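A.B. asks: Letter by letter, the chains look like this.
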Amino acid sequence: MAQISEKLLPSSTRARQHETIVDEDEYRRQRRAKLERIGKWLMPLVVLVLMIWFWNRIVTVNEIPHYILPDPVLVAATLAADLALLWQALLVTLKITVLALLVAVIGGVGLAVLFTQSRFVEMSLFPYAVILQVTPIISIAPLIFIYVDNRTVGLLLCAWIVAFFPVLSNTTLGLNSVDHNLRDLFRIYGASRWQQLLHLQLPSALPYFLGGLRIAGGLALIGAVVAEYVAGTGGIGSGLAFTILEAGYRLNIPRMFAALLLIAATGVVIFLVLSLLSHLLLHKWHESAVKREV
Amino acid sequence: MQDSDQSNGDLLLAMQGVGKTFGTDVEALRDMSLDVHFGDFVSLLGPSGCGKSTALRIIANLISPTRGRVVWSGDNRQGSVGVVFQEPTLMPWASVAKNVWLPHRLSGISMRQARPKIQQCLEIVGLEDFSDSYPRELSGGMKMRVSIARALVTNPRVILMDEPFAALDEITRFKLNYDLLKLKENVGCTVIFVTHSVFESVFLSNRIAVMVARPGRVFEEVAVDEGYPRDESFRTSSNYAAYCRKVSESLRQGIEAST
Chain A
1 MAQISEKLLP
11 SSTRARQHET
21 IVDEDEYRRQ
31 RRAKLERIGK
41 WLMPLVVLVL
51 MIWFWNRIVT
61 VNEIPHYILP
71 DPVLVAATLA
81 ADLALLWQAL
91 LVTLKITVLA
101 LLVAVIGGVG
111 LAVLFTQSRF
121 VEMSLFPYAV
131 ILQVTPIISI
141 APLIFIYVDN
151 RTVGLLLCAW
161 IVAFFPVLSN
171 TTLGLNSVDH
181 NLRDLFRIYG
191 ASRWQQLLHL
201 QLPSALPYFL
211 GGLRIAGGLA
221 LIGAVVAEYV
231 AGTGGIGSGL
241 AFTILEAGYR
251 LNIPRMFAAL
261 LLIAATGVVI
271 FLVLSLLSHL
281 LLHKWHESAV
291 KREV
Chain B
1 MQDSDQSNGD
11 LLLAMQGVGK
21 TFGTDVEALR
31 DMSLDVHFGD
41 FVSLLGPSGC
51 GKSTALRIIA
61 NLISPTRGRV
71 VWSGDNRQGS
81 VGVVFQEPTL
91 MPWASVAKNV
101 WLPHRLSGIS
111 MRQARPKIQQ
121 CLEIVGLEDF
131 SDSYPRELSG
141 GMKMRVSIAR
151 ALVTNPRVIL
161 MDEPFAALDE
171 ITRFKLNYDL
181 LKLKENVGCT
191 VIFVTHSVFE
201 SVFLSNRIAV
211 MVARPGRVFE
221 EVAVDEGYPR
231 DESFRTSSNY
241 AAYCRKVSES
251 LRQGIEAST
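So the protein sequences, as listed, match chains A and B. Sequence positions in the first sequence follow the working numbering and run 1 to 294. Sequence positions in the second sequence follow the working numbering and run 1 to 259.
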């Protein structure tokens, strides 16, 4: 069993081969790949610039007043001018979102583990998790704020209800997707329940969990924003959603746009951070994170 | 690698009238008796549904027999077994070394303590330079070798192999067949090998249990009286052809008798 014939060529050798042996077909394939690499970044930028230009034209040509549709330039200026105020609001919303996501992870994973340890717990509780998920949060939120005095806790509860289900359902699916032979192997070597969970089920569930987490990140933000709309208390310590509401009452449309922009940007950043986390944890072994060589 | 107080030829385990019925009416295995001695290479050969995998799972104590029992020699403990499945069955998130560590890890032995043994087993299968690789970086044949190294790491009294090479291409399979024989000579282990290939079973084993389906049972035991070491020349010898003919004939008769 000494020699291993299937050792991979070092990648540099392969790269050189690509440069030297280039037929027509291969040349076209490489060119397409190159164009796609550039286009992936360039095309969305072009669309963005076009849309802003188009927006600006509509406003200028039709002479639309800024309290109906503000010019993109005005939105940018407002964003800069109100940044201190908006930043404070953003931090409030972000705090709720991150906390809700954290509790969703603890609650979702905890409950999923409980489900796999006892079928009876799963049978008893899973239907209610589904009911909680399918009932629109906007219709539960007013009730929550009647019974929960602490505003932060109320917001957190709303965001958590929305965010925890994808974590729960994906993690449950992952914990149950363990390779049967591996399970047998663990039994043969006398693994305890705890060892099986720690060394087999949790690692197997990781890719599923991370998929759920990415969905939950976006949902936690939505939950936080919706809850703020419902809670609607003003003054110091209000989040971005309330800032939008308030600006709407005052017909400060540019500020509404500026706040909206920040919420969207926050959502994107959350998604990117969670995608990065997913990549860091999986890139060594999981198919979804491994770059395929053509 | 076997227990030092045992020598070749002593009885290791005996299946005594073992039967298994799944549910109320699916009889997977009927009245199977089989003696396995130290140093044996026993093949369970037969078509799909003949109960060969069921027999293996009963020996591994993964399922309990409906009738009969499996008796182990010595203190009659269920001996330590190593298992190799048809799939390599590696943990994709763990490196090769960590995969081979698994049996020890589960019994609380640290990586530091287990390291020399892990390295030795990887050397036996020719993968000593790959201990930090991940399974996805290896070819099918190499993954299988890791799986074999993992089975060896506990010095098992018997290694159970469930069609381990069935999913590999023929060239890799021949190579691994030969390597398995070498390994058996070097470490002196006992193997129970499930296969549906007549050629593979004759090349590897000293005894072949020909099994038939509906219900699964042993039709006939064929001894391959060809000593070890064997090498690739055995594959082309007239003896080999004769044994293949004999086993094929037995298989044919068994299938005829059962339909």
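Any given hint could be a false lead.
[Claimed, not checked] Between beta-carbon pairs, the in silico distance windows are:
1. G140(B) - G107(A): 38 to 44 angstroms
2. E128(B) - R28(A): 42 to 48 angstroms
3. S118(A) - G9(B): 29 to 35 angstroms
4. M111(B) - W194(A): 52 to 58 angstroms
5. L245(A) - R136(B): 33 to 39 angstroms
6. Q117(A) - R136(B): 53 to 59 angstroms
7. M111(B) - S192(A): 17 to 23 angstroms
8. R235(B) - S118(A): 41 to 47 angstroms
9. Y128(A) - S139(B): 45 to 51 angstroms
The set of hints was computed from the structure by calculation and includes no laboratory data. Fair warning: this is a prediction, and the values are worked out from it, not measured in the lab. For each residue, glycine too, the CB sits at the ideal point set by N, CA and C.
A.B. asks: Each of the hints needs a verdict: does it hold here or not?
C.D. replies: Here's how the hints hold up against the structure:
1. Against the hinted window of 38 to 44 angstroms, the Cβ-Cβ separation of G140(B) and G107(A) comes to about 41 angstroms, which satisfies the hint.
2. For the pair E128(B) and R28(A), the beta carbons lie near 44 angstroms from each other, so the given range of 42 to 48 angstroms is met.
3. One distance hint, 29 to 35 angstroms for the beta-carbon pair S118(A) and G9(B), is violated here, with the actual separation near 49 angstroms.
4. At about 19 angstroms, the beta-carbon gap between M111(B) and W194(A) misses the expected band of 52 to 58 angstroms.
5. A C-beta distance of roughly 51 angstroms is found between L245(A) and R136(B), which places it outside the suggested range of 33 to 39 angstroms.
6. For Q117(A) and R136(B), the Cβ-Cβ distance of about 30 angstroms falls outside the hinted range of 53 to 59 angstroms, so the restraint is violated.
7. For M111(B) and S192(A), the hinted distance range of 17 to 23 angstroms is satisfied, since their beta carbons lie about 19 angstroms from each other.
8. For the pair R235(B) and S118(A), the beta carbons lie near 54 angstroms from each other, so the given range of 41 to 47 angstroms is not met.
9. Range check, Y128(A) to S139(B): about 48 angstroms between beta-carbon atoms, so the 45 to 51 angstroms window is met.
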